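A.B. asks: Given next are the chains, with one letter for each unit.
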Amino acid sequence: MPRLVARRAKQKVGLVPGTLVHIGERKIEKVRIRIIDYDETQLEEKEVEKVEECFPFKDKPTITWINIDGLHDLEIIEKIGKQFGLHPLVLEDIVNTGQRPKLEDFENHVFVVLKMLYYDQEKGELEAEQISLIFGQNFVISFQERVGDIFDPLRERIRKGKGRVRKAGADYLAYALLDSIVDNYFVILEQLGEKIEDAEQELAVNPTLETLQTIRTFKKEMIFLRKSIWPLREVVNSLERGESSLVDESTLIYLRDVYDHTIQIIDTVESYRDMLSGMLDVYLSSISNKMNEVMKVLTIFAAIFIPLTFVAGVYGMNFAFMPELGWQWGYFGVLLVMAIVAAVMLVYFKRKRWL
Amino acid sequence: MPRLVARRAKQKVGLVPGTLVHIGERKIEKVRIRIIDYDETQLEEKEVEKVEECFPFKDKPTITWINIDGLHDLEIIEKIGKQFGLHPLVLEDIVNTGQRPKLEDFENHVFVVLKMLYYDQEKGELEAEQISLIFGQNFVISFQERVGDIFDPLRERIRKGKGRVRKAGADYLAYALLDSIVDNYFVILEQLGEKIEDAEQELAVNPTLETLQTIRTFKKEMIFLRKSIWPLREVVNSLERGESSLVDESTLIYLRDVYDHTIQIIDTVESYRDMLSGMLDVYLSSISNKMNEVMKVLTIFAAIFIPLTFVAGVYGMNFAFMPELGWQWGYFGVLLVMAIVAAVMLVYFKRKRWL
Amino acid sequence: MPRLVARRAKQKVGLVPGTLVHIGERKIEKVRIRIIDYDETQLEEKEVEKVEECFPFKDKPTITWINIDGLHDLEIIEKIGKQFGLHPLVLEDIVNTGQRPKLEDFENHVFVVLKMLYYDQEKGELEAEQISLIFGQNFVISFQERVGDIFDPLRERIRKGKGRVRKAGADYLAYALLDSIVDNYFVILEQLGEKIEDAEQELAVNPTLETLQTIRTFKKEMIFLRKSIWPLREVVNSLERGESSLVDESTLIYLRDVYDHTIQIIDTVESYRDMLSGMLDVYLSSISNKMNEVMKVLTIFAAIFIPLTFVAGVYGMNFAFMPELGWQWGYFGVLLVMAIVAAVMLVYFKRKRWL
Amino acid sequence: MPRLVARRAKQKVGLVPGTLVHIGERKIEKVRIRIIDYDETQLEEKEVEKVEECFPFKDKPTITWINIDGLHDLEIIEKIGKQFGLHPLVLEDIVNTGQRPKLEDFENHVFVVLKMLYYDQEKGELEAEQISLIFGQNFVISFQERVGDIFDPLRERIRKGKGRVRKAGADYLAYALLDSIVDNYFVILEQLGEKIEDAEQELAVNPTLETLQTIRTFKKEMIFLRKSIWPLREVVNSLERGESSLVDESTLIYLRDVYDHTIQIIDTVESYRDMLSGMLDVYLSSISNKMNEVMKVLTIFAAIFIPLTFVAGVYGMNFAFMPELGWQWGYFGVLLVMAIVAAVMLVYFKRKRWL
Amino acid sequence: MPRLVARRAKQKVGLVPGTLVHIGERKIEKVRIRIIDYDETQLEEKEVEKVEECFPFKDKPTITWINIDGLHDLEIIEKIGKQFGLHPLVLEDIVNTGQRPKLEDFENHVFVVLKMLYYDQEKGELEAEQISLIFGQNFVISFQERVGDIFDPLRERIRKGKGRVRKAGADYLAYALLDSIVDNYFVILEQLGEKIEDAEQELAVNPTLETLQTIRTFKKEMIFLRKSIWPLREVVNSLERGESSLVDESTLIYLRDVYDHTIQIIDTVESYRDMLSGMLDVYLSSISNKMNEVMKVLTIFAAIFIPLTFVAGVYGMNFAFMPELGWQWGYFGVLLVMAIVAAVMLVYFKRKRWL
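Protein chains in written order, with the numbering used here: chain W, 1 to 355; chain A, 1 to 355; chain F, 1 to 355; chain U, 1 to 355; chain S, 1 to 355.
These are calculated hints, taken from the structure and not from any lab test. Remember, it's a predicted structure, so these values are computed and weren't measured experimentally. Where hints are given, some of them may not hold.
Chain copies aren't distinguished; within one or between two, either way the pair holds.
[Claimed, not checked] Simulated crosslink set (DSSO-like; lysine-lysine; CA at most 27 Å straight-line):
#1 350 to 290
#2 82 to 160
#3 290 to 352
#4 220 to 195
So that you can see chain W by itself, here it is in the shape it has in the complex (with noise of 0.2 Å):
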């Protein structure tokens, strides 16, 4: 699971606001710049070696999308940054990437920042990754940990011209990219279902100390996932509200749509919280199901035992004078006894329903 508090507090402290440092894991060795500049009628695909290279398409009327995988090439962004005109504290956030999911309005740019998850089947834990996003009149610039594959069908999208994509500006094109994240995150929560169900199917069958562990895991990444979704509902939500004029009004719908998912998300981690502290009750509970038959076994075996070896004890005595002991019949009388008394906590034990 990512870190609940990102380390950036040492390296930061009493830097110059602006300062770009670079904060967070370097995922990838080498920056890579991808860049697909199109409008309806053609379309242009590059991967290119210096950040220098992206310029030109700056001033042409078409879309130009340019992906950078890598963020700790501050050179890049800071060249980036003067080109596109972004205030210092943007590039900031961008290379921090213990950011908290937020969108920013500048005049002529959208800024947004987002927390992309993945599922790391092998470890069986949470990865989080940040993702910048800025659009403006006629550019979408995004900022990747590392290469993935999340937005590969959106590429094919806009290859192949299927859907609006094509005919539709670069806030449409922002809204695919938002698109893709939070669809990812339905993913997430399908794979974490699944692994939760598993472990309230192994909870009622046989419950562990490392079942509670799971059942906190689960909580604790429940607690990620909610820190890093409740603050993209709000970032959604104020795109979605119009407030910005890069924003068309034919875009509006398809992001009101991507809000009604991030709201269907939230519900999905809300209920799977109320389940899992339903678990933790079941749990507890067993525990003490557990104990409580511990304690009748050890309660029937002390109940039926302790009395009998008390009467051979009796009988064991060294008194001279015991009548009993000279009867002939006494030892065969004393198991009956012993029998009957055994019968009797038998038929206690079953009436108190503990056999």
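With the hints as your guide, set chains A, F, U and S onto chain W.
C.D. replies: Chains A, F, U and S only, in chain W's frame:
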């Protein structure tokens, strides 16, 4: 119980927004299309094979209610969408049964998604179905996942001309459909309520681990109900505020009535949640009480017989010189002492209210 | 306690909205209709057989209070509805006793539904009754489920001309009715409060499973009270804001007074809920404490006598060569050793504060 | 602790609203009326026998503070009400000590009800008293249930002309009274805080059932404090917003100061509530820990001695042919075996960290 | 940990509002006054003995930052107050270290109170210090309880002219101070986070009562942090909304940045609270699990040996006629039976998964 998260994710990721994909179980073999077309004086009712047969009704001034059972035939949905000018995202929502209840107000039609609930008496489980309503100036289109009987009384009323329905417009018809669905929630809650009271009764008499499972199932059903009904409140509320020009003022008081019912249902769900929490507390206490009971039995047996066994053990020792062993009344004296010890113990436990 | 969900559902599903069906228990044999007609100078009071006898009062400028006890005679309700121009949905709400408290403001009358509570001392249970009030320019109509005595002091005040009531309008009369009902909540809370304090006392002295049941019953009653009183707050508040033209400005301060009382009642219910939660904690701890007590007794007995029994067992062995057995003071020596062991144990438990 | 619900109900039900009935304990023998009349240059202070002696001050331009200790003499209250034009409902609120803190703004005076708290060191209990303030253009009337010393420093300041009080108006005097009361809450909270910390200390050392009772008492006191202080916040806030024309702008900053203090008190109460919940958790865990301890002692004793006793029992059997019994070193061999078994057990428990 | 309620009460009750009394610990011997006066081109920095030396800077157009470490010298505070036209209540708040974070906007200066936190690594405790900031057109005055190093990097930036600080106004300097403080919260949270993770590790390995105490201490620290940071949010928010004319528009985006950080800190504190609650659950379950373990050991020992001891007891009886005693293989037969009983028991417990 329906899944908390509908399996929507994997099929959808990366598709063009607005692509029609039927998500959910296919609950019916063949799509069934029924039309009722009426005004105050005349009524026409028929079941059609081809969706195109519905379209002539569209331009007639009479109210047309098209009821479509089954969502898997995407062609039908698409044709209707084209004919009635529905947005692709609306069509997508209709066939994706994992929607959250919501209302979308377009210029010339209003789109409402709802959850209809059934209580499957055999399985003892809640079943959910998605219902979509679209109403415009003179038409209502309803989409259901399977053929249901919930709208039959309404159909009967239209046929017989009972109530306002034949005199009022499409908005009143839409209200009447909504009202049928909301009324049905009361039936569900009543059935659940009876089951919960049964479980409460059982809890008081003989709480077992199964009782806990039952309580948990109810809790999960309440989470599901809540998830379905909370957004319904917003839906009805936004209709009832009269913001849509398609809703006549005279219908508003009826919508207010539905709104009141929705609030009442929410109240009831919350009350049940509180009750179920209380039942969990009782369950946990009753486990503790049982363990207490078991412990007391053990302790009474142990405390009475352990000292006696000790005494018997003492006189079972083989020391050469043990004067008591030679006494004539030694044995009976010891038996008497044992009886006294046991009696003292019993009095002690009586005082402690353990007996 | 009244049911949390009134059995409304099954009879109603599929009926035309506005159809009159009396839902709820029939608490009275014959409907009783009483009229008080008054102004500052004159007063007429009578009990009528037929509802039509009320109607002449309607057009007189004097204030007319029609009090109807019993809701099952739908014909009476319908006639009143027709005469006073009430909406069919209002009439439906009057006879359906499962309503949530609410206020509806029509142009020429205001409709208020409330819950009246009784505490049945014999059964030790809360009883609820639905009261509907309709007031217009110069009339107030009140509907009760059975003949009650709660309005008697008000009637007396009207007869004797005490207070403002004879000088003020129908809105003041409606306020006075509301005030009687809200004042009655205080009585209920006081009675419940005494019972809760009794239960608390009992809990401190001898907590049993019954105490838990009592606490739970109170909790459920608090849920019910809350459900009745929270919406009342909105009702009074919307009256008190003076939005209705039927409420005179001079009455507003009185309504504010009722509003203050409602808030105070809600506060008290919340405080009781907190108290009851605290009592549950005490109950659970006292169970744990008791078990601790039981365990200590068991452990003390076991820990003292088990070693002693072992020693006795050793000297009960039949080895041919056991030198101690032949010693003269062997027996007494062993007894001494046993006494010392027991004493050490006792000191040890004393130190552990188990004794 | 004061009762959570004041006994107001039974005496009041059915009375004309505005009827004066003193509800609450009579805490003082004879009503005491004190007047301070001052402006910047002069000061007159006296204690009067008859309330009528206050009235001449009313029309003087100087600030008049009438302080009335004791609420049971309804005649005095009524005369003041008449003289100062107070609404009957205000008078009713003054003498009914079960009020919730509130502010009512009339045209020419403002009415404030508050709770004053004392901590009775002897009984270790919170005591509450109701204080009503009425201030107009040039007068302040304060009603207390008994003679208190809380306003003495303020009186002294007026006499000595310290601070702004002699220069400012009646609104500042009212503020100063409010400030004295709110400052007193800090004293109460400090005293309670010390007691809570004592209880926490005790909890860490030796938690008993009494500790639980203490925690619960504090919890109930916090419920009570909360009930008193939350509405106070609204009272001060509505004064501080400067809506009343009776409050001078220069006084607003002082009211904001009081408001800050109120928020701080609420914060503190909430923090104490959190602390007390934490203490309950610790209490419950310490019970469980103790039981664990007890169980371990029992188990260690049982697990060591039960096998040994069994061995002793075996060689206590009276079989004719038991070869070991004849061995010379049989006895000592058995003793050795026993010692080894015990040692193994001890090592085992050591490893399990039970020792 | 700092006290949840500062000891403010007793010294203050009854004093004239605005009286300067230093409340809180005296953390420094002698008050230290440092001045930095700068504009874009020049810089003057000095440490003065007498506060009067600061005043000439006031009327210069350059930005003046007066930093005062130590609050106990009331004369200095008073002189500054007089010189800069501060309200007596502001001065009172500065020297009373029990303030809740708040912002007060006066016409020509803004007053901000904050909490600065330190984590004392040695004591393992949070330490809090109150910081007051006052900024006007061209001056910032900061008051600290003791000499700290938190503003040193900012001083360095001013000296070296790094960043915007030398070019911007007093509002930017105030922002920079705020930013330093908020950044420091991240450091604290990181340190606390590491400690919490350590405790979590410990909890998984060997939960003891001390672990519980540690968890509780963290919980209390979270309560304290929350109390300090929630109001900070409002403070920054009200600055960021740009309501004060003293805050330049270009500074707003920086304040928004601080606001984002504050939200992030609040999020993190809430996440930690959730984590700590989860740890408490784990602790309680692990106690129950341990007890279960103990009980199982006891039960296994008891259930195996009690029946065997009983059998041994039977053949230890001294009856004259016990045929088995005479059998040659009687003894070994009994031993065999015993071994079988023990084996059966072990298999039984194996099946029950107790072994």
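A.B. asks: Now, for every hint given, state plainly whether the structure supports it.
C.D. replies: Evaluation of the provided hints:
1. 350 to 290: Classified as both; 19 Å inside a copy, 15 Å across copies.
2. 82 to 160: between (33 Å within a copy, 24 Å between copies)
3. 290 to 352: Cα proximity of residue 290 and residue 352: in one copy and across copies (17 Å, 10 Å).
4. 220 to 195: both (14 Å within a copy, 17 Å between copies)
Figure legend: structure checked against the earlier numbered hints; every hint is met.
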